[in-house]
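Peer 1: What follows is the residue order along each chain.
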Amino acid sequence: MSDPLLRVEDLHKSYGDETVLRGIDFELERGDVEILSGPSGSGKSTLLRCVNRLTEPDSGTIYLDGERVSGAGTDVNELRRQVGMVFQDFNLFLHLTAAENITLGLRRVKGLGKAEARERAMEHLDRVGLADQAGSYPAELSGGQKQRVGIARALAMDPKLMLFDEPTSALDPELVGEVTSVMRELADEGMTMLVVTHEMGFAREAASRMMFLDQGQIVERGPPEQLFQHPEQARTAEFLQRITQLHGGEST
Amino acid sequence: MSYAEDLRRVRTREGRSVGSMVLIALGGLFWGYLLLRWLINWEWVPFGTPGEPLVSPETLGLTGGTATAFQSLPQLAEGAYITVLITVLSILLGLVLAVPLSVARVYGRWTKYLSLSFTELIRGTPLIAQLYLLYYGLNLSQFFRGLTQFGPFTVRTPVWAVDLGPLKVQTALWVALIGFTINSAAYQAEYIRSAIESVDPQQLVAARSVGLTQREGILHVVLPQTLRFAIPGWTNELVYLIKYSSLATFITVAELFRRADAVASDTFDYTAMFTVVALVYIGIVITATRLMGYVEDRVALPGLGQTRGRS
Ligand SMILES: Nc1ncnc2c1ncn2[C@@H]1O[C@H](COP(=O)(O)OP(=O)(O)OP(=O)(O)O)[C@@H](O)[C@H]1O
Ligand SMILES: [Mg+2]
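Line by line, the protein sequences are chains A and B. According to UniProt numbering, the first sequence holds residues 1 to 252 in order. According to UniProt numbering, the second sequence holds residues 1 to 311 in order.
Rather than coming from a laboratory, the hints here were simulated on the basis of the structure. Be careful, since some hints might not be right.
[Unchecked claim] FRET-style restraints, in silico, Cβ to Cβ:
| # | chain 1 | residue 1 | chain 2 | residue 2 | range |
| --- | --- | --- | --- | --- | --- |
| 1 | A | G113 | B | V18 | 46 to 54 Å |
| 2 | A | Q215 | B | L116 | 37 to 45 Å |
| 3 | A | D65 | B | L219 | 43 to 51 Å |
| 4 | A | E29 | B | Y107 | 36 to 44 Å |
| 5 | A | G16 | B | V88 | 32 to 40 Å |
| 6 | B | W31 | A | D89 | 41 to 49 Å |
| 7 | A | D89 | B | S117 | 49 to 57 Å |
| 8 | A | S14 | B | Y107 | 19 to 27 Å |
| 9 | A | D158 | B | G303 | 27 to 35 Å |
| 10 | A | D17 | B | S117 | 48 to 56 Å |
| 11 | B | R109 | A | P173 | 42 to 50 Å |
| 12 | B | L219 | A | D158 | 20 to 28 Å |
| 13 | B | N236 | A | E123 | 53 to 61 Å |
| 14 | A | G113 | B | R298 | 24 to 32 Å |
Positions of the beta carbon are idealized from the N, C-alpha and C atoms, including for glycine.
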């Protein structure tokens with residue numbers, strides 16, 4: 001198949017009078033790791049949420065793996081099954097243990113039996129280095145551990161695409177590394193990822209491309225080194241410089 | 001699992017004070033006596049006479065109000081049975097109604113308004129008026145007695161509703177159960193609604209993001225958290241219900257308060273009778289709050305649903 005994994009066409013979204021996304025077009029190839037960057041309020045989270053339709057776009061079309069997944073006659077739950085999402089505030093199910101956070105989707109959505117779901121959950125916890133925390137509740141985990149469970153929960157559903165919305169922004173600086181290293185492994189394994197992050201170290205090392213969003217539009221897009229070193233737009237240059245000062249360009 | 005056990009172990013070690021031992025002993029006596037009287041009343045034990053004390057007050061040298069109260073204890077025990085029955089069944093059936101009502105209220109589109117209207121109607125009118133409407137207005141107890149004429153319709157009552165077998169309850173009790181269930185459903189729906197609203201909305205978003213439907217998300221993620229938040233409010237409602245079940249006396253249900261009232265107006269020993277009946281209510285209420293505290297501990301999870309201190 002030559003279709004891109006994800007194609008977003010002319011996406012628009014407003015909240016009341018406020019236009020948040022004004023005509024977003026882009027494609028992601030299989031295995032792409034794309035960083036989505038831009039100032040606060042530029043619409044990054046809204047764009048991610050539109051991709052798996054946690055927010056319904058006003059207009060525009062989304063194709064996943066060559067199939068239209070937005071608009072009339074499409075099954076939103078089917079789309080979400082194929083797209084994993086990782087949240088800034090983890091959003092683990094508070095009443096469930098780390099393992100149960102993962103088995104819930106496997107059982108209800110994938111229809112796995114109890115034992116099989118449990119086994120799969122353990123594999124995924126192991127993959128993020130948390131097999132020994134399977135029985136812990138979210139309140140008993142550190143931020144970094146919570147986020148790794150969040151990643152495992154999304155991965156367990158076998159998504160074609162993973163969305164990350166500032167996965168490390170709520171973490172203490174010393175915990176950022178454990179999450180970005182899991183993400184980097186994932187990128188190495190060929191997962192297609194769309195990542196909103198200010199971790200420029202991760203962007204430089206793991207990203208294949210980077211897009212810069214401002215006021216609901218993609219202002220500039222290209223390989224990370226190009227955006228860092230020869231940005232075409234003054235806005236991009238200024239923003240990336242500020243972000244790099246804040247969040248460090250050196251590797252983590 | 002291990003957490004609930006830990007919590008309980010900590011609690012019980014702290015809680016094994018003389019005071020709580022005394023309370024447990026009193027509770028044992030209280031419920032032991034009630035149970036004994038219920039068994040005698042149903043003639044499930046080969047001794048005792050329904051309604052008669054095992055030892056007469058004269059033998060114990062009791063006189064006046066104390067004697068009257070002692071003599072009436074078996075009847076109060078029978079009344080307590082009805083009170084407990086009304087309370088337990090109404091709170092549970094009410095809960096079954098309250099969960100969908102509150103879910104509709106928070107997530108429903110048009111069902112939201114149905115739920116809101118129901119809740120406001122019930123909470124906005126006196127309970128006694130609701131009971132009178134059911135009992136005198138709709139004449140529901142006729143229905144529970146057998147064939148009933150409802151306007152042009154003749155309704156045949158199912159046999160199980162007429163005859164409760166060994167429990168020998170009045171048909172009016174059914175009316176009370178319906179009334180209290182409806183009433184309690186409305187109040188519980190409010191408690192549960194506010195508990196639903198205290199669950200982080202992002203929990204449902206996360207559920208949707210793994211592909212669960214809205215319905216599944218509510219069922220498996222929102223409600224399990226909600227019910228933990230709802231327990232304190234629910235306990236409150238239970239305590240109220242125990243006491244306002246006494247309004248059933250006005251539709252002739254022979255519950256606890258009515259028994260005491262009947263004896264008091266026969267003997268004029270008002271002080272003794274209403275003091276004793278108050279103690280019986282207190283016994284039931286304290287048991288209920290203790291049980292709910294236990295339930296709360298049992299279902300508590302780290303970071304969720306503990307309202308009482310954990311050191
Ligand atoms: N549910 C909503 N209702 C109304 N307005 C919203 C909603 N979600 C987002 N917005 C608005 O849309 C704009 C873009 O928000 P969005 O969260 O997408 O920005 P962002 O780029 O992710 O910013 P940040 O870096 O702060 O997370 C903001 O002005 C925000 O106030
Ligand atoms: Mg955001």
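Peer 1: Could you run down the list of hints and mark each one as holding or not?
Peer 2: Results of checking the hints against the structure:
{"no.": "1", "hint": "A:G113 - B:V18: 46 to 54 Å", "result": "holds (51 Å)"}
{"no.": "2", "hint": "A:Q215 - B:L116: 37 to 45 Å", "result": "holds (40 Å)"}
{"no.": "3", "hint": "A:D65 - B:L219: 43 to 51 Å", "result": "violated (30 Å)"}
{"no.": "4", "hint": "A:E29 - B:Y107: 36 to 44 Å", "result": "holds (39 Å)"}
{"no.": "5", "hint": "A:G16 - B:V88: 32 to 40 Å", "result": "violated (50 Å)"}
{"no.": "6", "hint": "B:W31 - A:D89: 41 to 49 Å", "result": "holds (47 Å)"}
{"no.": "7", "hint": "A:D89 - B:S117: 49 to 57 Å", "result": "violated (36 Å)"}
{"no.": "8", "hint": "A:S14 - B:Y107: 19 to 27 Å", "result": "holds (24 Å)"}
{"no.": "9", "hint": "A:D158 - B:G303: 27 to 35 Å", "result": "holds (29 Å)"}
{"no.": "10", "hint": "A:D17 - B:S117: 48 to 56 Å", "result": "violated (33 Å)"}
{"no.": "11", "hint": "B:R109 - A:P173: 42 to 50 Å", "result": "holds (45 Å)"}
{"no.": "12", "hint": "B:L219 - A:D158: 20 to 28 Å", "result": "holds (23 Å)"}
{"no.": "13", "hint": "B:N236 - A:E123: 53 to 61 Å", "result": "violated (45 Å)"}
{"no.": "14", "hint": "A:G113 - B:R298: 24 to 32 Å", "result": "holds (27 Å)"}
In this structure, the hints that do not hold are numbers 3, 5, 7, 10 and 13, in rising order.
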